[in-house]
Amino acid sequence: MPQLTRRQRHDQKIQRRSLVISGLSLVLVVFALYVLIPLAPGWQAVKTSFFNWDILVRTFPKLLSAFVVDLKIFLWSAPLIFVLSLSIALARNTNRPSLFPLRLFGALYTDLFRGVPVILLVYLIGFGIPGLGLARPYNSPYIWGTVALVLGYSAYVAEVFRAGIDSVHSSQIAASRSLGLSEGETLRYVVLPQAIRRQVPALMNFVIALLKDVALLSFIGPIEVLRQANVYKSLMANFTPYVGAAIIFLCVTIPITRYADYLMAKQRRQRIA
Amino acid sequence: MTAKLELKSVTKSFAQQKVVDDVSLTVATGEMVCLIGASGSGKSTLLRCVNLLEAIDDGEILLDGFDIAEPSLPPDPIRRRIGLVFQSFNLFPHLDVLSNITLAPCRVLGLEKSIARDQALDLLERFSLADKAYSYPDHLSGGQQQRVAIVRALAMEPELLLLDEITSALDPELIGEVLDVVRKLKAQQMTMLLATHEMSFAREIADTVCYLDRGRVVETGAPEQIFNDPVKQRTREFLARVSG
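Sequences listed follow chains U and B, in order.
Per our numbering, residue 69 is the first one in the first sequence, and the count goes up by one each step.
Per our numbering, residue 692 is the first one in the second sequence, and the count goes up by one each step.
Hints are computed from structural coordinates only; laboratory data are not their basis.
C-beta: ideal position from N, C-alpha, C; glycine also.
Hints may contain errors.
Said to hold, decoys possible - Only part of the chain B face toward chain U is listed, based on derived beta-carbon distances under 7 Å:
1. 783
2. 785
3. 794
4. 795
5. 799
6. 874
Starting from the given sequences, assemble the full structure and let the hints guide the process.
Okay, here's the thing in structure tokens:
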């Protein structure tokens, strides 16, 4: 065995010590959760009303099919948000005098919709606009709920795109223009591809947030997973369906979160390299 | 020889400071003109003005006798006739080498994609870069990136090539391969205006050398005359400084 250097012996000692400490603290925390929580006076009641295996098994299939509604709303909202937010970002970046009204509108829009909680938008638009007395199918909460989500999210996502566009160095624009590409071609082929690529991790976080916020539409009607859980809760006088809904969300969001983290770490590595 | 490019009293200021001050200069067709001078003497700005990346305040820039500095002219059709290679390469990082080269020919000249690709591959072959066609800029050395940048400019078949300190960002051992490319272009009678810190290269390759100081042309002449027998005191001092 080769003789370790002073530094290696020192590092080894530190490493061993941190392993012991992290192992001990993990054991302590698990012990506390596992032993102390059941000692709480209300534990039995909580256990039967939140973690009831029978109820979970009985309600889960129906919850799962209700979750398909969430996925659908998500799947048509996300592309709309992409298009609207990119348009807003471009409108705010324009410096042509003829497009000044567009720029002003973009600024007003982001200020307004970033400043209002999404749940309030869902209420105001979801109840307000059908209240105008629109005929069926145009009073559908699916439509106006989607509109509320799209308007709320686009305001944030537009800022992400704008930051991405600003982050492309002016020398890239100079190189493109020097080759004879016009302003529009430069934006389309040089600036936007780099801007969007750079913002993928940030966009992934909005994907996750949107997926969860689809549940806000439960307040205005659609029988999606949260509303379905609500129905079961009333029916069975038990909160376990909520836990079931949470489990379904986690099964989808955790992989996406991991993937977003992976992308972010990869980007950080590239920036350092 | 006819003048490909003629600058007449070109002036450009940034915030009250004259960066290019009353510069007049001629580049004949097939000629290689080297701009020398200290950092901040206005060489780069002058090249950017010729490419219309900067708008000049006063003077004329004649390309084939036609004033391209006229403010009401659309710049894009003029820019495509003039190639510019930057100190920092400025390749598009999201595109591979081939797409970097074919982007402008396809979009600006409206070339068929397959034709543009064949032309690009030909050019890459000529400059010993054929094996890098599908690499991304980040995976190339600085010298390779700069050679690709030159090929990208050449793909537009420019009538005039502007080279802005193209070796200044390179490690010393990579400078040679880039200068070799310029020698090749010179042998093909490419009309070039080059800003450089490489005095020995300017001396070797230039038809005409132009010394700039604080935005003004101090002295213009054949390389032997400028380097061996400068007329102006300031040129003499500059050359003494850089040959250290």
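Hints and how they fare:
1. 783: Holds. Min distance 6 Å.
2. 785: 5 Å, holds
3. 794: 6 Å, holds
4. 795: This interface hint holds because 4 Å falls under the 7 Å limit.
5. 799: 4 Å, holds
6. 874: At 23 Å from the nearest chain U Cβ, residue 874 of chain B fails the 7 Å test, so the hint is violated.
Checked against the numbered hints listed earlier, the structure breaks hint 6 alone; every other hint is satisfied.
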